[in-house]
Amino acid sequence: MKRISKAHWIWGQFLDRDMVYLDSIKSRVNEKLKGPNFDIHLTLLGPFMSMDKDKINEIKNICTNRKPIEIFAKRYMTSNNFFTSFFIEIKKSSTLINFRNDLRGSLQENQFTSFSPHVSLTYGNFPKKEKNIIKDELGDVNMKIILNKICIVDVNEDKFSWKIIKTFVL
1 MKRISKAHWI WGQFLDRDMV YLDSIKSRVN EKLKGPNFDI HLTLLGPFMS
51 MDKDKINEIK NICTNRKPIE IFAKRYMTSN NFFTSFFIEI KKSSTLINFR
101 NDLRGSLQEN QFTSFSPHVS LTYGNFPKKE KNIIKDELGD VNMKIILNKI
151 CIVDVNEDKF SWKIIKTFVL
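For the sequence shown, position 65 (counting from the first letter as 1) is numbered 65 according to my numbering, and the numbering increases by one without interruption.
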C-alpha cells in the first residue's frame, strides 16, 4: 500500500515527566543524526483522510472514561524505513491493544491494521553503523511510561509538518 503523506493521525502522548525524559533521549539522538523536529508520540491509528466533528466526538467519548495506560519500553531499535529509522520499541500490552481496538472499531476508516507500537526518536535515512553507535551509547531502555493523552494530528510528511489540532486527557 502506498504511504499517504497528507492525512490525520491519532497519537498517544505521555505524562509531562515522561515527555521530558523521552525528549532528552530524542535530543541526544538528533544531536548526532539531525532528523526533522516532531513531538514525542506513539502513533495509534491512521491515516484518516478527513477528521470531522463526528470523528472528533467519537474519540472524545472513548477517552472520557479511560484511565492513563502504563506502557513498557523494551529496547532501542532501528530500521531502514524513513519514519522508523530509530525508535523505542513498546511492549504490546492487552490494555494498549484493547484501547487501540476501541478507537479503531469506532472510527473504522483507518487503512493500516498492523500495529507495532513504538516511540520514534528520529526520522531519516541514516547509515546503520551510525545508528548502532548511538544505540550502544544510549545503553538499555527498560522503563514504564504513562500514556495519558490522545492527540489528533494534522500531518503533512512532505513538508515535515505535524500539527496537533486536538488533545484529550485520559
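Note that these hints are calculated values from the structure, not bench results.
For clarity, every value in this text was computed on a predicted model and none was experimentally measured.
Check the hints yourself; a few may be wrong.
What the hints assert, rightly or not - Below are the SDA-like pairs computed for lysine to any residue, each with C-alpha atoms no more than 20 Å apart in a straight line:
| hint | residue 1 | residue 2 |
| --- | --- | --- |
| 1 | K60 | T167 |
| 2 | K91 | K129 |
| 3 | K91 | L103 |
| 4 | K129 | D140 |
| 5 | K149 | K166 |
| 6 | K74 | I134 |
| 7 | K67 | F168 |
| 8 | K144 | S116 |
| 9 | K74 | K144 |
| 10 | K92 | K128 |
| 11 | K163 | R66 |
| 12 | K74 | K163 |
| 13 | K129 | K67 |
| 14 | K34 | K91 |
| 15 | K166 | R75 |
| 16 | K74 | K166 |
| 17 | K135 | K60 |
| 18 | K34 | T64 |
| 19 | K60 | D102 |
| 20 | K32 | N81 |
| 21 | K92 | L103 |
| 22 | K144 | K60 |
| 23 | K166 | K34 |
| 24 | K32 | S120 |
| 25 | K128 | S27 |
| 26 | K129 | S27 |
| 27 | K128 | K144 |
| 28 | K92 | N148 |
| 29 | K144 | E70 |
Of all the hints given earlier, name the ones this structure violates by number, lowest first.
-> Checked against the structure, the hints that fail are numbers 2, 10, 11, 12, 13, 14, 15, 16, 17, 18, 22, 23, 27, while the rest are satisfied.
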